[in-house]
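Asks: Make a model of the complete structure from these sequences and hints.
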Amino acid sequence: MLDFSLRQRHYLERAVTYGLVIGMTVLLMIPMIWGVLSTVRPSRDLFTWPPKIIPSSVTLENYRLLLETTSFVQYFINSLMTALLAMIFTLAIAIPAAYAVTRYEFHGRKYVSNLSTIIYMFPLVLLGLPLFVIFSRLSLTNSRIGLALTHTAFALPFALMLLRVFFNDISPAIVESARLVGASRLTIIRKIILPLSLPGIVATVIFVMALSWKEYFFALLMMNDSGLYTLPIGIANLINIATTNWGLILSGVMIMSLPPMLLIFFLYDYLLEGFSVSSL
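Counting from 1, position 275 in the sequence shown corresponds to residue 275 in the UniProt record's numbering; the numbering is continuous, with no gaps.
What the hints contain is simulated information worked out from the structure, not anything from laboratory work.
Nothing here was measured: the structure is a model prediction, and the numbers come from that model.
Glycine included, C-beta positions come from ideal geometry on N, C-alpha and C.
Among these hints, one or two may not hold up.
Cβ pair distances, simulated, as ranges [to be verified]:
no., residue 1, residue 2, range
1, 73, 123, 30 to 36 Å
2, 103, 224, 40 to 46 Å
3, 122, 50, 43 to 49 Å
4, 70, 25, 30 to 36 Å
5, 33, 105, 52 to 58 Å
Replies: Right, here's the structure in full:
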């Protein structure tokens with residue numbers, strides 16, 4: 001009787017857990033589903049009351065207008081190039097820095113990662129003016145490289161912390177064996193450290209790309225040329241108080257959401273392993 005009660009309780013707990021997970025998933029998916037449906041319904045149906053879940057007719061007019069009457073494609077290219085540059089800059093700095101922190105003894109080594117995360121304690125608005133002044137004097141405002149460097153500054157502490165965890169898990173004996181056979185530091189990093197730390201590197205890539213892809217404040221602050229606007233700025237500029245085509249804007253938001261979702265979908269296993277190890 002006791003075993004039966006425990007079994008019932010176990011099944012009930014699992015049912016409640018799965019029910020909560022499914023319910024929360026559906027709740028979180030409602031805005032996304034509604035947004036997708038709003039992009040393919042006629043503009044007149046967006047403000048009907050009561051709202052209709054199923055569109056009266058399906059149209060791709062919003063997507064056609066977005067691609068033909070706006071600079072959305074240029075904004076997409078700008079965002080992609082900025083995100084790729086930020087990813088390259090972050091990995092180029094974080095990989096050797098994390099390797100140095102984990103493999104070399106120096107004063108303050110234990111505090112490097114902790115001190116680097118201090119940047120997350122400050123609000124973006126507080127850092128906006130100093131960074132703008134510095135980048136202005138370096139002639140890096142209104143440029144993709146300057147914006148990518150700004151994103152790198154905010155992504156670097158997390159990247160350093162994550163990669164340091166993976167580099168620490170690599171046995172020193174493997175590195176010493178490679179040194180004994182004459183491998184250089186660069187060879188050790190390229191052929192041993194990087195392959196064994198691939199999940200952490202992939203997780204870092206996804207984090208940096210997502211951060212740069214959605215970043216709004218510094219893109220607005222640094223960019224004056226409309227030809228260099230990224231997607232968040234470009235889509236925000238489509239909003240007009242008098243005549244706003246919300247179907248057009250939602251179409252842009254849906255397309256903008258696709259690359260991060262696809263990146264996470266195809267690299268999910270690496271991402272899960274990367275964040276699982278970093279949380280230990």
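Asks: Now tell me if each hint is right for this structure.
Replies: Structure-based check of each hint:
1. 73 - 123: 30 to 36 Å: Between residue 73 and residue 123, where Cβ atoms are some 33 Å apart, the hint holds.
2. 103 - 224: 40 to 46 Å: holds (43 Å)
3. 122 - 50: 43 to 49 Å: With a Cβ separation near 46 Å, residue 122 and residue 50 satisfy 43 to 49 Å, so the hint holds.
4. 70 - 25: 30 to 36 Å: holds (33 Å)
5. 33 - 105: 52 to 58 Å: holds (54 Å)
Checked against the numbered hints above, the structure breaks none of them.
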